[in-house]
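Student: Please build the complex by placing chain B on the supplied structure of chain A, with the hints as guidance.
Sequence order for the protein chains is A and B.
Per our numbering, the first sequence runs over residues 1 to 326.
Per our numbering, the second sequence runs over residues 1 to 366.
Just so you know, the hints here were simulated from the structure itself, not pulled from any lab data.
One thing to keep in mind: the hints can contain errors.
[Claimed, not checked] 25 Å max Cα-Cα, derived DSS-like pairs, lysine-lysine:
#	chain 1	residue 1	chain 2	residue 2
1	A	K269	B	K112
2	A	K269	B	K328
3	B	K310	B	K39
4	B	K224	B	K136
5	B	K136	A	K269
6	A	K99	A	K52
7	A	K243	A	K229
8	A	K61	A	K99
9	A	K99	A	K229
10	A	K189	B	K328
11	B	K310	B	K112
12	B	K224	B	K112
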Amino acid sequence: MIAFLLRRLMWFFVTAWIVVTVSFFLMRQVPGGPFSGERNLSPEIEANINAKYHLDWPAWKQYLHYVGPMNLDDKGVFGGDGSKPFGGVLTGDLGPSYKLRDFTVNDVIGQSLPISMLLGLVALMWALALGLTAGMVSALRPRTGLDFAVRLAATAGIALPNFVIAAFLIILFVFLIPLFPVAGWGTMKHMLLPGLALGAPRAAYIARLTRTGMLEVLSQDYIRTAVAKGLPNRLVLLRHALKGGLLPVVSYLGPMTAWILTGSLVIEKIFRIPGTGSHFVNAALNRDYTLAMGVTILFTVLVYGMNTLVDLAYTFLDPRIKLEES
Amino acid sequence: MAGQRRTWDLGLQDAERLLQEAAGYKGESLWQDAWRRLKQDRGALWSLIFLAIFASISLLAPLLPLPSPIALDLQAEPQPPVLAFGDAGFDYEFETDDDYRLAYWELSWLDKRMVDARKAIFGDWQTGRWFGTDSKGRDLLSRIVWGSRTSILVSLAATLCSLLIGVTYGAFSGLMGGRIDNLMMRLVDIFYAIPFIFVVIFILTILSTDRSDLESEALVDKEKVFFLVIGAIYWLTMARVVRGQVLSPKNSEFIEAARALGASTPRILFVHVVPNVLSIVIVYLTLTIPAIMLFEAFLSFLGLGIEPPKVSWGLLAVDGTDAINPIKTFWWLVVFPAAAMGSTLLALNFLGDGLRDALDPKLRGK
Numbered sequence: 001m002i003a004f005l006l007r008r009l010m011w012f013f014v015t016a017w018i019v020v021t022v023s024f025f026l027m028r029q030v031p032g033g034p035f036s037g038e039r040n041l042s043p044e045i046e047a048n049i050n051a052k053y054h055l056d057w058p059a060w061k062q063y064l065h066y067v068g069p070m071n072l073d074d075k076g077v078f079g080g081d082g083s084k085p086f087g088g089v090l091t092g093d094l095g096p097s098y099k100l101r102d103f104t105v106n107d108v109i110g111q112s113l114p115i116s117m118l119l120g121l122v123a124l125m126w127a128l129a130l131g132l133t134a135g136m137v138s139a140l141r142p143r144t145g146l147d148f149a150v151r152l153a154a155t156a157g158i159a160l161p162n163f164v165i166a167a168f169l170i171i172l173f174v175f176l177i178p179l180f181p182v183a184g185w186g187t188m189k190h191m192l193l194p195g196l197a198l199g200a201p202r203a204a205y206i207a208r209l210t211r212t213g214m215l216e217v218l219s220q221d222y223i224r225t226a227v228a229k230g231l232p233n234r235l236v237l238l239r240h241a242l243k244g245g246l247l248p249v250v251s252y253l254g255p256m257t258a259w260i261l262t263g264s265l266v267i268e269k270i271f272r273i274p275g276t277g278s279h280f281v282n283a284a285l286n287r288d289y290t291l292a293m294g295v296t297i298l299f300t301v302l303v304y305g306m307n308t309l310v311d312l313a314y315t316f317l318d319p320r321i322k323l324e325e326s
Numbered sequence: 001m002a003g004q005r006r007t008w009d010l011g012l013q014d015a016e017r018l019l020q021e022a023a024g025y026k027g028e029s030l031w032q033d034a035w036r037r038l039k040q041d042r043g044a045l046w047s048l049i050f051l052a053i054f055a056s057i058s059l060l061a062p063l064l065p066l067p068s069p070i071a072l073d074l075q076a077e078p079q080p081p082v083l084a085f086g087d088a089g090f091d092y093e094f095e096t097d098d099d100y101r102l103a104y105w106e107l108s109w110l111d112k113r114m115v116d117a118r119k120a121i122f123g124d125w126q127t128g129r130w131f132g133t134d135s136k137g138r139d140l141l142s143r144i145v146w147g148s149r150t151s152i153l154v155s156l157a158a159t160l161c162s163l164l165i166g167v168t169y170g171a172f173s174g175l176m177g178g179r180i181d182n183l184m185m186r187l188v189d190i191f192y193a194i195p196f197i198f199v200v201i202f203i204l205t206i207l208s209t210d211r212s213d214l215e216s217e218a219l220v221d222k223e224k225v226f227f228l229v230i231g232a233i234y235w236l237t238m239a240r241v242v243r244g245q246v247l248s249p250k251n252s253e254f255i256e257a258a259r260a261l262g263a264s265t266p267r268i269l270f271v272h273v274v275p276n277v278l279s280i281v282i283v284y285l286t287l288t289i290p291a292i293m294l295f296e297a298f299l300s301f302l303g304l305g306i307e308p309p310k311v312s313w314g315l316l317a318v319d320g321t322d323a324i325n326p327i328k329t330f331w332w333l334v335v336f337p338a339a340a341m342g343s344t345l346l347a348l349n350f351l352g353d354g355l356r357d358a359l360d361p362k363l364r365g366k
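For reference, chain A alone in the conformation it holds in the complex (with noise of 0.2 Å):
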């Protein structure tokens, strides 16, 4: 166990150094730094703004300070008067916001990601209390009425986008009857819808997962010894044809991560919530390079560990599985 996480770790350094460098890159290729987009900035000005965030450097020392974890600030390497001699990304810092001015990027996310969170953590209730029910209901009562409409439901909330989603419950739940608050964040009220929208693509998806599992599961040997010897249907369903049948599911949460995260973008912008997705459109749109890419470099982190977790997650779930070794 703790070999294969040493290996994840490492695999995920070498992750890590890809997105950072292949997006450091990309972003120093356009023509025109952050600045030259803002009007009538005098030569000097300019300049100024240039040097403070270094961007009057070559593009390796920048890098290099970017990266960290040696802070290459002017002062010199160990830098005499006051200035930190590390920094960078290996420490964390993820450097000042290019157009939020006086915030670091470590201070937007700092705000912005218990927001997100809360958000995301909303949205996976939602999909799992959706997607499971629904799943083991029609895997229950396969073939028929109600297992064809939770089927037709399950298809169609994939195939729809989720701002169309959206759409369709501010429509319903605040004009219509008027339930919960359209837009903004703070109280519970203000997750629910938010959180819907973003949970029912995944809750989707769920449902289907659930009901393949739950159906390859009820077909197996032991769950018909476990009826066999008399168990009560609630028992073998529970204590047996759950563990095997939510396997699926289980190994759906590390990706459905990063789907929310992603969703997060949008149903953020819609229901004006001040998350990090919106943060991160934001930063996108305006050139706010440092900003985008401090995000894209958390996320990368958040999707690993997730992923790890599930990985684990399935060694206690079947017994069978073993951390592959190599």
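Tutor: What follows is chain B alone, placed relative to chain A:
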């Protein structure tokens, strides 16, 4: 003992009889079998028919008597659907290239000829506002039909792109095996962990800032980059799937035989391995196209997708969600694009599921 032995001794007559018997059997190829089973699956069959109709409408869009998809009719607000049969409002004359640009945008040569044919057949007549108009007074039906062309084109092109990369990569990796295979698959694992959507948004924003430079220098327009970039994300799963499929027949006799006959690696790859992998690839394709359509919608939502005056379903869906307000619900702006997109994706999903069942070797002959 002697009697038993005689049954093994085939006379010439017996052999001929056996040959005749064998000629009586009709073999069924994988595709015939799959087609027969697909026809039994009602949902998949109707999806196929529906998609075929939709695709032809979309392909023949310039020939249909639809109003111009970009002609503005500035009014205070979107007009609801009306059941008027049609009117003679299509008063464009098409002589120079600019004339086409007035009613549409840059059209291909074939599209222009179709527009000419439409003008010749229907004259000025155009359909009524059956689906209503959008907030700028443009006909929604026409926009949905024309938008379908963009959406289908984008998803097909990007899917083909991912197909090409994924199949080559996966097949090569599986066929080489050993260390190379290990390394190549590890690379795919690394790419998997990258939240590509963020990288894509990043790339597209960078591209959109200096598009004109790119276009003049490298003859790359944003749309082509768009296909490439999307295709470049979606090849990962394809590569994995194909590699898995290649590994199983890799050690089988017919590959060995080909190798013994001295066939080169590329020949084995494309003549023997790829056809085997084809069935799973087709299934995967029907499931990738919807994913890419959704991705296009997602990018359009962020303002990074297809650019006006062209339309796509993603843009229409975005227009619909933008028009939501508490005072008046312009339901047609949300419902019709969503219905067009949803039903197409639903049909593709159904077809994909049906194909998966039909091509599943475990269910063969049933």
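Student: Against this structure, judge whether each hint is valid.
Tutor: Results of checking the hints against the structure:
1. A:K269 x B:K112: violated, 39 Å
2. A:K269 x B:K328: It holds: about 22 Å lies between the C-alpha atoms, which stays within 25 Å.
3. B:K310 x B:K39: violated, 37 Å
4. B:K224 x B:K136: violated, 28 Å
5. B:K136 x A:K269: holds, 23 Å
6. A:K99 x A:K52: holds, 13 Å
7. A:K243 x A:K229: holds, 19 Å
8. A:K61 x A:K99: Holds, at about 22 Å.
9. A:K99 x A:K229: violated, 68 Å
10. A:K189 x B:K328: holds, 24 Å
11. B:K310 x B:K112: The hint holds at about 16 Å.
12. B:K224 x B:K112: The given pair, whose Cα atoms are some 22 Å apart, holds under the 25 Å limit.
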